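Asker: Single-letter residue listing:
Protein chains: 2
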Amino acid sequence: MLKDIINSALGNEKADLVLKNGKIIDVLNHKITEGNVGIKEGIIIGIGDYEGAEEVDVKGAYIAPGFVDSHVHIESAMVTPSQYAAAVMPKGVTTIIADPHEIANVKGEEGLAFMIEDSRSVPLEVHYMLPSCVPATPFDHGGCVIDGEKTRELLKKYSFLGLGEMMNYPGVIGCVPDVMKKLESAEYIDGHAPMIGGKGLNAYACGGIRNDHECGSAQEALEKVSNGFDIFVREGTGAKNLEELMKAVTPYNLRHFAFCTDDKHPAEILREGTISHCVDKAISLGYDPIDAYTMACYNSCVSYNLGRKGAVASGFEADIVVTRDINATQIERVYKKGVLAAEKGKALFEPPCSDISSVENTVNIDKVTAEDLYMPFDKNKTVISLDKGSLITHGVYCESGEGLSLCANIERHNKTGNIGKCYVKGLDITNGAIAQTIGHDSHNISVIGSDSKNMAAAVNALGRQGGIAVVKNCEVTAKMELPVGGIMSYKSAERVAEEHERIVEKAKTLSPSGSNETLMILGFISLLVIPHFKLGDKGVFNVDEFRYI
Amino acid sequence: MLKDIINSALGNEKADLVLKNGKIIDVLNHKITEGNVGIKEGIIIGIGDYEGAEEVDVKGAYIAPGFVDSHVHIESAMVTPSQYAAAVMPKGVTTIIADPHEIANVKGEEGLAFMIEDSRSVPLEVHYMLPSCVPATPFDHGGCVIDGEKTRELLKKYSFLGLGEMMNYPGVIGCVPDVMKKLESAEYIDGHAPMIGGKGLNAYACGGIRNDHECGSAQEALEKVSNGFDIFVREGTGAKNLEELMKAVTPYNLRHFAFCTDDKHPAEILREGTISHCVDKAISLGYDPIDAYTMACYNSCVSYNLGRKGAVASGFEADIVVTRDINATQIERVYKKGVLAAEKGKALFEPPCSDISSVENTVNIDKVTAEDLYMPFDKNKTVISLDKGSLITHGVYCESGEGLSLCANIERHNKTGNIGKCYVKGLDITNGAIAQTIGHDSHNISVIGSDSKNMAAAVNALGRQGGIAVVKNCEVTAKMELPVGGIMSYKSAERVAEEHERIVEKAKTLSPSGSNETLMILGFISLLVIPHFKLGDKGVFNVDEFRYI
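Quick mapping for you: the protein sequence lines, in order, are chains A and B.
Sequential numbering from 12 applies to the first sequence in this note's numbering.
Sequential numbering from 12 applies to the second sequence in this note's numbering.
You can trust all of the hints, since none of them are fake.
Since copy identity is lost for identical chains, a pair holds within one copy or between any two.
Pairs of lysine-lysine, DSS-like flavour, derived with a Cα cap of 25 Å:
(1) Lys31 to Lys355
(2) Lys192 to Lys14
(3) Lys258 to Lys42
(4) Lys161 to Lys14
(5) Lys348 to Lys192
(6) Lys192 to Lys25
(7) Lys167 to Lys14
(8) Lys549 to Lys464
By construction, these hints were calculated from the structure, which means they are not laboratory data.
Being a predicted model, the structure only gives us computed values, none of them experimental.
Throw the hints in and build the complete structure from the sequences for me.
Answerer: See the structure below:
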């Protein structure tokens with residue numbers, strides 16, 4: 012009751028909880044205050060000499076607002092939202108803005124509904140954006156399509172914060188009618204505009220896009236700030252922009268910067284955290300700690316208009332991190348709305364056993380044979396050549412198939428029978444194959460191997476549920492199931508990280524130089540928007556010319 | 012159409028308007044950029060080498076975002092909203108957040124509906140807050156009551172931004188049920204908490220109050236910022252806090268500060284502007300000009316979540332001020348949504364002839380006689396003693412009536428016949444009287460004079476419409492009608508300022524030392540929340556003891 016909160020704030024009633032003797036990080040006035048923080052019914056009643064039903068002496072630890080991840084694809088952690096919550100809350104995250112783009116490409120509305128439902132019973136505050144690019148391109152054959160009309164319907168039906176990252180920059184500036192319909196249906200739209208500037212950026216901004224997490228340089232970030240974008244500084248598994256982008260931050264434009272992870276794998280989340288890692292890294296690089304906290308907490312609450320959240324101030328939601336060190340590497344307690352959600356690195360809640368029946372068994376193909384996947388080498392056909400440590404590929408011609416791997420992309424949603432095939436240069440897989448149902452953005456089956464026999468064995472090992480399988484000498488040596496849409500497990504992040512570690516180990520035995528990278532390549536070789544040559548379910552795709560060859 | 016805006020931003024289509032060769036004030040990145048600003052369909056398409064159907068060479072003038080008044084009572088300008096728009100837009104104001112508290116006290120919902128309707132046809136963007144304190148105290152007898160139930164109803168029926176200034180601080184911290192109902196009905200609530208700090212401020216913040224325009228000191232402002240309040244730095248006719256409060260502003264907390272006028276008289280608006288005057292004053296005091304613009308434009312748009320407004324950036328509404336000097340004293344052009352609304356100090360639109368029938372003839376009393384207003388002097392009765400240049404009063408006892416003036420407060424809304432009377436020390440009115448239907452917050456008739464005969468003549472001169480009347484030797488020497496609720500004219504601010512000037516002149520002939528102040532005192536002597544003794548329609552009110560004596 013409001014009156015109880017007010018009476019507690021006045022000191023007339025006991026608070027529910029008082030955190031005593033803290034160094035309180037004040038992101039509103041950019042200073043640190045020593046004192047006690049009172050909490051009543053999930054609300055911070057203020058800083059002062061309060062008494063509480065429960066009193067915790069934090070003994071000089073820092074009391075900071077809970078961290079906010081401004082943009083994340085939970086699916087990249089390969090766990091369900093509730094398991095994700097259990098992984099990130101001990102690391103100080105209390106709110107995330109999630110774009111369920113991957114599950115939407117597999118299962119559309121059912122997938123979205125699953126994510127929303129699964130997040131409901133955990134203390135992590137999960138706000139969803141409605142994915143704006145399902146499918147990512149007209150050449151993608153995923154499990155679902157969310158067009159302009161469906162976008163309107165879903166925005167009405169569920170409480171999305173707005174539209175997820177509008178990756179279809181050409182669609183925006185080309186004024187494609189269905190894209191215009193999407194843009195006009197939402198007040199707040201996430202951006203995705205790597206290396207876009209000048210009039211192109213002006214036009215993109217006019218489309219209603221409000222933020223960007225794809226800046227590669229400080230200069231790019233500054234141009235985007237002047238164009239009204241909030242900049243989400245990304246530090247994920249693949250892309251790490253923090254070191255460069257912090258150069259753009261000044262006390263004056265700080266308000267337009269926040270942190271995000273975009274995509275981060277479970278083992279890394281468990282090892283270093285997500286937003287806490289951004290805080291640590293920024294401080295370690297010599298940036299002002301309170302700048303880091305302001306970006307980690309308050310700024311994205313303002314950007315997304317989440318109400319009174321993101322600061323330790325009276326009347327604000329009691330989302331609080333207690334950390335021994337200002338770098339947030341020694342987080343002791345994490346409160347969400349005044350309730351202790353994690354302590355000493357452990358979540359204090361049990362993720363629910365969600366009903367996954369609506370999103371499982373998504374691999375809809377017949378058993379494949381070696382013949383299905385075989386393709387004779389032809390020196391006149393484009394070979395996809397990989398750049399070490401990059402998702403960017405090139406199209407080349409080779410004199411022989413020597414040292415090349417065979418790759419296939421198998422449509423798995425609608426039983427079209429589509430199988431794209433090509434040879435790949437740059438991985439030296441010997442006598443084995445790896446297959447997985449993670450393949451951005453359509454999440455068809457991507458398989459790569461030394462030969463079609465091993466490849467067929469790997470694909471067939473995925474079964475109806477999907478996941479990742481490693482095959483050597485036509486025998487399965489490692490397999491992890493990802494029954495939720497073929498991209499997520501319902502197991503804990505710890506288990507998933509272990510299983511994935513085993514996959515990586517076994518993958519190493521096939522291609523010692525490739526190892527981890529092989530899996531990443533497999534996940535992104537079908538993403539038809541990254542230059543220059545990709546493999547879709549209809550064959551090799553020339554990204555620059557935006558067509559199948 | 013969105014596609015036309017996007018195509019213009021790309022440079023594929025001509026803009027509607029291009030402002031060329033400007034120094035563009037970038038409040039997002041805190042810098043000044045030289046260039047051209049393109050505008051299409053009311054939206055800023057960006058800064059660049061655009062071509063436009065209309066092109067205006069601003070020849071090195073500053074191009075700034077339109078000014079926003081974060082908190083204003085239009086009624087204090089004694090003109091209707093549409094006339095107010097014509098007065099402030101030439102001074103660069105494009106958006107105001109108005110609290111129609113005065114008209115609500117006179118005419119309740121009808122008054123609010125009139126204000127909303129009257130603002131509709133002018134280019135000024137007027138956002139209304141629903142007055143939260145009608146009446147201001149339970150001892151006030153105004154024309155209307157808006158209780159918690161009615162508050163909910165009105166919030167649903169009209170598109171208010173939230174609740175207007177919650178002046179009832181005791182009601183909030185006392186958890187008065189009807190006040191709780193009001194607080195719980197709105198997401199965003201304006202504050203009014205002069206000199207409140209510590210746990211009282213914590214409790215007030217917990218009530219959901221989001222801003223404050225009553226800070227008297229930099230220290231007070233800083234405490235409020237740490238408590239999550241946005242600070243509206245006020246520079247009005249009565250209260251002028253800018254010089255003091257700017258001391259609190261740092262590059263880091265700048266985002267929490269904006270400008271407002273609260274109450275400003277028409278002559279002053281015409282002479283110096285409103286928010287432009289804040290900009291000028293801040294810069295003249297040596298503060299960073301871009302800080303001043305950030306406070307004048309962008310910050311309150313963020314505070315009130317008005318969307319993409321308040322910056323000259325692509326995708327933002329084209330609310331633009333072109334000013335020759337950075338102090339904004341030489342404003343040449345003012346655009347609202349890309350349309351020229353004012354040029355060279357003149358509004359380019361005609362305020363509508365609004366239908367005032369629902370809000371006129373609000374003086375509901377019978378003719379008064381000298382006997383009605385007479386009160387024999389009694390040395391045992393409290394005399395209200397005025398402080399020079401202040402609204403704060405004291406209760407004193409006098410040995411004789413020598414040199415005192417007689418004052419009355421006449422209930423004028425519901426024909427209760429209530430007349431409060433007292434003697435007043437500190438004004439030397441000779442052989443005359445002044446009466447007016449402006450009397451905060453109930454707006455009953457306030458009349459002061461040398462004797463009850465002159466007073467009766469002044470009151471009777473007000474008629475059914477109300478306004479201000481000055482009487483000398485029982486003859487009316489000056490009168491201005493304020494037919495809209497007895498507090499506003501439908502005439503232009505220029506006319507109203509002239510008429511008011513004449514009132515002041517004639518008032519001077521009655522009380523040379525009092526002059527302007529007499530009218531101000533008359534307006535506030537009935538405001539039962541300013542210490543220490545006031546005159547209500549039931550007699551002298553002890554503010555400290557919060558009761559009639």
